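Number of protein chains: 2
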Amino acid sequence: MNALLLVAHGSRKQSSNDEVAALAQKIASLNNSFDLIGHGFLELTDPKAFDALSDLVEKGAKQITVLPYFLAAGHHVVSDFPEIMEKAENEFPEVEIKLLPHLGAMEGMAQWIVELASA
Amino acid sequence: MNALLLVAHGSRKQSSNDEVAALAQKIASLNNSFDLIGHGFLELTDPKAFDALSDLVEKGAKQITVLPYFLAAGHHVVSDFPEIMEKAENEFPEVEIKLLPHLGAMEGMAQWIVELASA
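Quick note, the sequences are listed as chains A and B, same order. Per the working numbering, the very first residue in the first sequence carries number 1; after that it's consecutive. Per the working numbering, the very first residue in the second sequence carries number 1; after that it's consecutive.
Rather than coming from a laboratory, the hints here were simulated on the basis of the structure. Among the hints, erroneous ones may be present.
Identical copies carry no separate label here, and so any pair may be met within one copy or between two of them.
Claimed, not checked - Result set (SDA-like, lysine to any residue): computed pairs, CA atoms no more than 20 Å apart in a straight line:
| # | residue 1 | residue 2 |
| --- | --- | --- |
| 1 | K62 | A73 |
| 2 | K98 | A73 |
| 3 | K13 | H76 |
| 4 | K98 | L116 |
| 5 | K98 | A119 |
| 6 | K59 | W112 |
| 7 | K87 | E107 |
| 8 | K26 | P47 |
| 9 | K87 | D46 |
| 10 | K13 | M1 |
| 11 | K62 | A119 |
| 12 | K62 | S15 |
| 13 | K59 | A110 |
| 14 | K62 | L42 |
| 15 | K26 | L116 |
| 16 | K13 | E58 |
| 17 | K62 | G74 |
| 18 | K48 | E115 |
| 19 | K13 | V57 |
| 20 | K13 | V78 |
| 21 | K59 | N90 |
| 22 | K62 | M85 |
These numbers come from a predicted model, not from an experiment.
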């Protein structure tokens, strides 16, 4: 099974965390190539990213694509994600885990913004 | 003239601010319906959002579309943008200024993520 894991910073503001959960749910409702969609956070709220990833493994995920839901490469993107990846690869060597660039660095962001803003 | 203004939070980390400037530049290099592309920040670095907007007006912008480059609706999105809009509408009544939803709330984010993550 293929899984997508969205990982956001996490906020003290519950509505911000709810936005992430709602986005994961919306992705799950779309026609997509992932059997499972998860979401997790680095700080301030649960589920934490590693727990969310473990949960996907428990549900049978054999490939997990991790998307850092961040616009800029700050400390979290630069340091936290490599750590999570290393821990996950050690703990789940049988699972193929792929880390995407953070959202703000994804190829196509500029084009997408042009389309959004022109609509 | 039509302008698009990207407004991000601003970071102590110069490379994060540079990412925003580079994105604005990339948008400008694409085929798009905007004559001018600007970028500004709410905090920690320059140009500040209102100054960036004023600069677009000086350059001749008659319509300005403001995109909050934020993934979640925290305090900044909820409070700062309406303030900036009010100030701008008072100062530049002849300019048509449109505030988009913050990036994370834009229709199509879920679909876009599916495409990115599946690529």
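Against the structure, the hints:
| no. | hint | result |
| --- | --- | --- |
| 1 | K62 with A73 | neither (28 Å within a copy, 34 Å between copies) |
| 2 | K98 with A73 | within (18 Å within a copy, 28 Å between copies) |
| 3 | K13 with H76 | both (19 Å within a copy, 12 Å between copies) |
| 4 | K98 with L116 | between (28 Å within a copy, 13 Å between copies) |
| 5 | K98 with A119 | between (33 Å within a copy, 12 Å between copies) |
| 6 | K59 with W112 | neither (33 Å within a copy, 25 Å between copies) |
| 7 | K87 with E107 | neither (27 Å within a copy, 35 Å between copies) |
| 8 | K26 with P47 | within (18 Å within a copy, 35 Å between copies) |
| 9 | K87 with D46 | within (18 Å within a copy, 38 Å between copies) |
| 10 | K13 with M1 | neither (33 Å within a copy, 38 Å between copies) |
| 11 | K62 with A119 | between (38 Å within a copy, 18 Å between copies) |
| 12 | K62 with S15 | neither (31 Å within a copy, 35 Å between copies) |
| 13 | K59 with A110 | neither (35 Å within a copy, 22 Å between copies) |
| 14 | K62 with L42 | neither (23 Å within a copy, 42 Å between copies) |
| 15 | K26 with L116 | both (18 Å within a copy, 15 Å between copies) |
| 16 | K13 with E58 | neither (29 Å within a copy, 38 Å between copies) |
| 17 | K62 with G74 | neither (29 Å within a copy, 35 Å between copies) |
| 18 | K48 with E115 | neither (33 Å within a copy, 25 Å between copies) |
| 19 | K13 with V57 | neither (29 Å within a copy, 35 Å between copies) |
| 20 | K13 with V78 | between (24 Å within a copy, 12 Å between copies) |
| 21 | K59 with N90 | within (18 Å within a copy, 55 Å between copies) |
| 22 | K62 with M85 | within (15 Å within a copy, 48 Å between copies) |
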